[in-house]
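4 protein chains.
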Amino acid sequence: MVDNEDLLQRISERYKKMSKGQKLIADYILNNYDKAAFMTASKIGQKVGVSESTVVRFANMLGYEGYPQLQKALQEVIRNKLTTVQRIEMTSELDESTLLKTVSKMDINNIRLTVEEIDKEVFNRVVERIFSARSIYVLGLRSAAPLAQFMGYYLSFIFEKVRVVTSGVNDILEQLIHIQPQDLLIGISFPRYARRTVEAMAFAKNKGAETVAITDSLLSPLTSYADHILLARSDMASFVDSLVAPLSLINALIVAVGIRKKTDISSDFQELERIWDEYQVYIGKDRS
Amino acid sequence: MVDNEDLLQRISERYKKMSKGQKLIADYILNNYDKAAFMTASKIGQKVGVSESTVVRFANMLGYEGYPQLQKALQEVIRNKLTTVQRIEMTSELDESTLLKTVSKMDINNIRLTVEEIDKEVFNRVVERIFSARSIYVLGLRSAAPLAQFMGYYLSFIFEKVRVVTSGVNDILEQLIHIQPQDLLIGISFPRYARRTVEAMAFAKNKGAETVAITDSLLSPLTSYADHILLARSDMASFVDSLVAPLSLINALIVAVGIRKKTDISSDFQELERIWDEYQVYIGKDRS
Amino acid sequence: MVDNEDLLQRISERYKKMSKGQKLIADYILNNYDKAAFMTASKIGQKVGVSESTVVRFANMLGYEGYPQLQKALQEVIRNKLTTVQRIEMTSELDESTLLKTVSKMDINNIRLTVEEIDKEVFNRVVERIFSARSIYVLGLRSAAPLAQFMGYYLSFIFEKVRVVTSGVNDILEQLIHIQPQDLLIGISFPRYARRTVEAMAFAKNKGAETVAITDSLLSPLTSYADHILLARSDMASFVDSLVAPLSLINALIVAVGIRKKTDISSDFQELERIWDEYQVYIGKDRS
Amino acid sequence: MVDNEDLLQRISERYKKMSKGQKLIADYILNNYDKAAFMTASKIGQKVGVSESTVVRFANMLGYEGYPQLQKALQEVIRNKLTTVQRIEMTSELDESTLLKTVSKMDINNIRLTVEEIDKEVFNRVVERIFSARSIYVLGLRSAAPLAQFMGYYLSFIFEKVRVVTSGVNDILEQLIHIQPQDLLIGISFPRYARRTVEAMAFAKNKGAETVAITDSLLSPLTSYADHILLARSDMASFVDSLVAPLSLINALIVAVGIRKKTDISSDFQELERIWDEYQVYIGKDRS
Numbered sequence: 000m001v002d003n004e005d006l007l008q009r010i011s012e013r014y015k016k017m018s019k020g021q022k023l024i025a026d027y028i029l030n031n032y033d034k035a036a037f038m039t040a041s042k043i044g045q046k047v048g049v050s051e052s053t054v055v056r057f058a059n060m061l062g063y064e065g066y067p068q069l070q071k072a073l074q075e076v077i078r079n080k081l082t083t084v085q086r087i088e089m090t091s092e093l094d095e096s097t098l099l100k101t102v103s104k105m106d107i108n109n110i111r112l113t114v115e116e117i118d119k120e121v122f123n124r125v126v127e128r129i130f131s132a133r134s135i136y137v138l139g140l141r142s143a144a145p146l147a148q149f150m151g152y153y154l155s156f157i158f159e160k161v162r163v164v165t166s167g168v169n170d171i172l173e174q175l176i177h178i179q180p181q182d183l184l185i186g187i188s189f190p191r192y193a194r195r196t197v198e199a200m201a202f203a204k205n206k207g208a209e210t211v212a213i214t215d216s217l218l219s220p221l222t223s224y225a226d227h228i229l230l231a232r233s234d235m236a237s238f239v240d241s242l243v244a245p246l247s248l249i250n251a252l253i254v255a256v257g258i259r260k261k262t263d264i265s266s267d268f269q270e271l272e273r274i275w276d277e278y279q280v281y282i283g284k285d286r287s
Numbered sequence: 000m001v002d003n004e005d006l007l008q009r010i011s012e013r014y015k016k017m018s019k020g021q022k023l024i025a026d027y028i029l030n031n032y033d034k035a036a037f038m039t040a041s042k043i044g045q046k047v048g049v050s051e052s053t054v055v056r057f058a059n060m061l062g063y064e065g066y067p068q069l070q071k072a073l074q075e076v077i078r079n080k081l082t083t084v085q086r087i088e089m090t091s092e093l094d095e096s097t098l099l100k101t102v103s104k105m106d107i108n109n110i111r112l113t114v115e116e117i118d119k120e121v122f123n124r125v126v127e128r129i130f131s132a133r134s135i136y137v138l139g140l141r142s143a144a145p146l147a148q149f150m151g152y153y154l155s156f157i158f159e160k161v162r163v164v165t166s167g168v169n170d171i172l173e174q175l176i177h178i179q180p181q182d183l184l185i186g187i188s189f190p191r192y193a194r195r196t197v198e199a200m201a202f203a204k205n206k207g208a209e210t211v212a213i214t215d216s217l218l219s220p221l222t223s224y225a226d227h228i229l230l231a232r233s234d235m236a237s238f239v240d241s242l243v244a245p246l247s248l249i250n251a252l253i254v255a256v257g258i259r260k261k262t263d264i265s266s267d268f269q270e271l272e273r274i275w276d277e278y279q280v281y282i283g284k285d286r287s
Numbered sequence: 000m001v002d003n004e005d006l007l008q009r010i011s012e013r014y015k016k017m018s019k020g021q022k023l024i025a026d027y028i029l030n031n032y033d034k035a036a037f038m039t040a041s042k043i044g045q046k047v048g049v050s051e052s053t054v055v056r057f058a059n060m061l062g063y064e065g066y067p068q069l070q071k072a073l074q075e076v077i078r079n080k081l082t083t084v085q086r087i088e089m090t091s092e093l094d095e096s097t098l099l100k101t102v103s104k105m106d107i108n109n110i111r112l113t114v115e116e117i118d119k120e121v122f123n124r125v126v127e128r129i130f131s132a133r134s135i136y137v138l139g140l141r142s143a144a145p146l147a148q149f150m151g152y153y154l155s156f157i158f159e160k161v162r163v164v165t166s167g168v169n170d171i172l173e174q175l176i177h178i179q180p181q182d183l184l185i186g187i188s189f190p191r192y193a194r195r196t197v198e199a200m201a202f203a204k205n206k207g208a209e210t211v212a213i214t215d216s217l218l219s220p221l222t223s224y225a226d227h228i229l230l231a232r233s234d235m236a237s238f239v240d241s242l243v244a245p246l247s248l249i250n251a252l253i254v255a256v257g258i259r260k261k262t263d264i265s266s267d268f269q270e271l272e273r274i275w276d277e278y279q280v281y282i283g284k285d286r287s
Numbered sequence: 000m001v002d003n004e005d006l007l008q009r010i011s012e013r014y015k016k017m018s019k020g021q022k023l024i025a026d027y028i029l030n031n032y033d034k035a036a037f038m039t040a041s042k043i044g045q046k047v048g049v050s051e052s053t054v055v056r057f058a059n060m061l062g063y064e065g066y067p068q069l070q071k072a073l074q075e076v077i078r079n080k081l082t083t084v085q086r087i088e089m090t091s092e093l094d095e096s097t098l099l100k101t102v103s104k105m106d107i108n109n110i111r112l113t114v115e116e117i118d119k120e121v122f123n124r125v126v127e128r129i130f131s132a133r134s135i136y137v138l139g140l141r142s143a144a145p146l147a148q149f150m151g152y153y154l155s156f157i158f159e160k161v162r163v164v165t166s167g168v169n170d171i172l173e174q175l176i177h178i179q180p181q182d183l184l185i186g187i188s189f190p191r192y193a194r195r196t197v198e199a200m201a202f203a204k205n206k207g208a209e210t211v212a213i214t215d216s217l218l219s220p221l222t223s224y225a226d227h228i229l230l231a232r233s234d235m236a237s238f239v240d241s242l243v244a245p246l247s248l249i250n251a252l253i254v255a256v257g258i259r260k261k262t263d264i265s266s267d268f269q270e271l272e273r274i275w276d277e278y279q280v281y282i283g284k285d286r287s
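Chains as they are written, first to last, in numbering that gives the first Met the number 0: chain A, 0 to 287; chain B, 0 to 287; chain C, 0 to 287; chain D, 0 to 287.
Please note that the accuracy of each hint is not assured.
Some chain C residues close to chain B (C-beta under 7 Å, calculated; not the full set) [to be verified]: (1) 144; (2) 166; (3) 167; (4) 168.
Think about it this way: if two alpha-carbon atoms lie no more than 30 Å apart in a straight line, the pair counts; the simulated DSSO-like pairs of lysine-lysine are [as the list claims (entries may be wrong)]: (5) D:119 / C:100; (6) D:204 / B:160; (7) D:100 / C:100; (8) B:260 / A:34; (9) B:104 / A:100; (10) B:204 / D:160; (11) D:260 / B:204; (12) C:260 / D:104; (13) C:119 / D:100.
Listed below are several chain D residues computed to face chain C (Cβ distance under 10 Å; list not exhaustive) [to be verified]: (14) 98; (15) 110; (16) 119; (17) 142; (18) 145; (19) 149; (20) 190; (21) 192; (22) 195; (23) 220; (24) 240; (25) 247; (26) 279.
Simulated from the structure, these hints should not be mistaken for lab results.
From the three backbone atoms N, C-alpha and C, an ideal C-beta is built for every residue, glycine too.
Given these sequences and hints, build the entire structure.
This is the structure:
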């Protein structure tokens, strides 16, 4: 896999050795990567006055199989480069009257792509590790904190060994200070990736723990420290991170755990049910 | 609107005055409401040996326009009656190999129905109230806490006046003790409805505050205390509440607020951007 | 031990069989227990026109060794009976100009009495149990939450097995759902005792766990469910619970644990020190 | 005021110009500041073979009025220089059998000195500002978080305008993003001072807000950004920060606020009392 972080830098470094046509492409991309990321090879060719195949070879030269791979890499660069202010600018182009439809369409599309692209073997392996781990740390910071909290909320009914790490009086790494090789850290992060989440993944890996990254792309900084990678789409043309597809994936993970542990959790929940009833935690249960 | 809470009781009370055919239907429903809730009128007719139109008239007699309304009411009854243990039983019938697809299909369907059914005027009015309110309390407990937290996370970048109520050292009502008539309480709850959320809505209403319910149905106990009702689907054949469609709706709400406040939040976020940069909160922003 | 909860009721029940002098005392106490609680036997005698020894016999008749025991019981009744509104009334009699001195004097006195009265064997046994327990739950709600948080903050540096229970998305009892016989629950509560703390102690005891109560008196409702009782004074003529002496006691507990685990925690903290240094958690460490 | 942070460095810088006797003292201090900090002038003189008055002049030369001031400065240096590992070493010299007495004596002494040294005018001004401020932020991180939480717990019954900042899904500075000139930030920090608390004080000051530091010494890094300084002693020969005297001071602050707002809070608490009663928050209130 080519490291996209330095894509723009790599283009700069190879600039000297480029053909004249390649230099034109390079100039355009370096100055307009935000636009280039959404143009086809032929469009870029037109723009700078070279052939489509020159653009394709430009991609090859940088180590990509074809232009689509280069384009995707550019999009990744953008995603991390966009400040929230730029995202708000983008948001303002959304039409308020069709907003709900637009947002829901993006969310539905994100879920659909997530299911299509998920690696089922990894999914099953993660479910297994959730059972076999000594301790499970579910970590999500900032906008990913609600996802970690949701996952922890359900898993802690089923297992004693769950610890949710979202914030707290102790710093994040302090909450991981006792992590061990038999433990599992499930790190959740989506663009813009919180630095401390990456640090926590690195810390856990370094201590020998097994790590799962729930993130949006192989280019996410979490993947460098992840034994298992579960990808969920979070594309959203807005300053809000859409965590709808990630939440759907986490739902499926919890349900998969629940199915395997069925008999055990039934008895756990029978006790909870008794408690909920005694303390009237829920409303609307028939008492007749 | 017919009160479904007592549907089974109402059937019992009218039993004496029913025709012989109606009694057969009543017997079947009272003993098998969990199955009946998912059968068509003709199927029930077959089961107990009466005509489809007898089943329809049975629904009319109970105050429903047609059989679909009775069926929906039965489903509501079930939803609140099902203990988590029963939900786990249901979960176990899910096929593990197709689990991800099943869950994602339900989630996509929930989002789709949510957008179709949403009342846009209410949606817009809620956006307006978020701007005009003196203070905004975003309240969600138990599995709805992550939703409240997510909504609060973004709204508190934009407004000072936001308070997230999910748990805390002070009890829930204590956190609402200063609520006033010009304030807005956004209460989020899905089956199984947390009792304390309903109490909080009632408390806020009683203090003269304006209230928004983000919930799953007009039959939700929150609606009794809500000035504005935003419905999002959360059907999920499992012990996990699916909050995917509610999250998508909340996304849309935040984006709608962001669009209207564009210029202001741009400057807020410029300052945040500076802070994030100085303290390296995020990873991957280009520093070259 | 005589149950003080029903002291006033017991007085009422025995009223019929009392001598004429005793009836006078009973009348006075039932109507003015808030004043009587702070009067000497001779003062009460004067007030109602009986001898001091009649007052003492009155105490004996109710099952107390002497008048001081009855007086203490009356003070306990008051402490739990006083609403916060009544406490505020009391507060208003404090002199603002000497406030700091008054508060600090009460706090110093509370610490002094706490050390004098502490049962050292119990103290040592609790330290031992902290080491030997499988899991340690440190529970404090409402105004006692900061104490639990403080204790948990330090203990969780030393042990992995610590869980702080102060509030949270999961209800209190849900956070204790996996508690077992080898576990230790340290419950912290001072007047006005939070009901849910008592429920949690009862729940843990019922599940076979070992329990420690850090509370103010043997009459505290926590003691019924406690294997070990550590008393700390919290008397404060105000609507604020003074948790200064309890905090001092908790300090001593943490230090005692630290002394015994010296070598181990040195290495834990060496790692923490490295982390704190790398992430500049603290200020002012010499880097030359 | 002399800046102690660089005391050791200043000694090094002036070394060249020192007399022979002063050089002997300087050598000893630079190599043994942890011991020197607890030696008298005459003891140091003996140690290095110079007169007591040479030691005193050494202090004068560095800008201190006398030796006691230099000694105090050295102790400050130590306090911040001591890693937790070194503190644990110190702790191990405490005698376990007299531990409780030792800890409580230090705590009592800390409270006594705190009251003696407090500036009453500052105390009263802070109470006034708590009333007049538009919003009040109570901030304490790490081991100071329980203090902030305790203070916030009570103040938020009395005022709506209180926000407790101890941790959270939003970063600390993000929670202060809306702070304004009419607002009050009460920052609480004791050695080892959390870096983020100092950053938060600086941030608030920079935004024009009024700031209060509750800290242990004029040499605390918080004081640079504080409009009002309230000092409370926290000396403790251990890895645990003793927050007993600071808690006593905070108690007094809350009570002082309560006394002034008496009538208003009575009615607030009457409503709370009704809520507490209805939801049985507390135990032991007489219901007869």
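(message) Less than 7 Å between beta-carbons is the criterion; does residue 168 of chain C satisfy it with respect to chain B?
(response) At about 4 Å, which falls below the 7 Å cut-off, the nearest Cβ of chain B leaves the hint on residue 168 of chain C intact, so it holds.
(request) Under 10 Å, Cβ to Cβ, is where residue 195 of chain D needs to be relative to chain C, so tell me if that hint holds or is violated. (result) At 8 Å from the nearest chain C Cβ, residue 195 of chain D passes the 10 Å test, so the hint holds.
(request) Would you check whether residue 166 of chain C satisfies its interface hint, that is, whether its CB is within less than 7 Å of any CB in chain B? (result) holds (5 Å)
(request) For the pair supplied as a hint, residue 204 of chain D and residue 160 of chain B, confirm whether the alpha-carbon distance does not exceed 30 Å. (result) holds (21 Å)
(request) Below or equal to 30 Å on CA atoms is what counts here, so check residue 260 of chain D against residue 204 of chain B. (result) holds (27 Å)
(message) Tell me if the interface restraint on residue 144 of chain C is satisfied: Cβ within less than 7 Å of some Cβ in chain B.
(response) Holds. Min distance 4 Å.
(message) Check whether the Cα positions of residue 104 of chain B and residue 100 of chain A lie no farther apart than 30 Å.
(response) holds (18 Å)
(request) Have a go at the residue 220 of chain D hint: is there a Cβ in chain C nearer than 10 Å to its own Cβ? (result) The hint holds - residue 220 of chain D has a Cβ within 10 Å of chain C, the shortest such distance being about 5 Å.
(request) Mind checking the CB of residue 247 of chain D against every CB in chain C and telling me if the closest is under 10 Å? (result) It holds, given that the least Cβ distance between residue 247 of chain D and chain C is near 4 Å, below 10 Å.
(message) What's the verdict on residue 100 of chain D and residue 100 of chain C, does the C-alpha distance respect the 30 Å limit or exceed it?
(response) At roughly 23 Å apart (the allowed maximum being 30 Å), residue 100 of chain C and residue 100 of chain D satisfy the hint.
(message) Would the hint on residue 190 of chain D be counted as holding, given a Cβ-Cβ threshold of 10 Å to chain C?
(response) holds (8 Å)
(message) Next pair to validate is residue 119 of chain D with residue 100 of chain C; report whether the Cα-Cα distance is within 30 Å.
(response) Judged against 30 Å, a Cα distance of about 11 Å means the pair holds.
The structure is consistent with each of the numbered hints, conforming to all of them.
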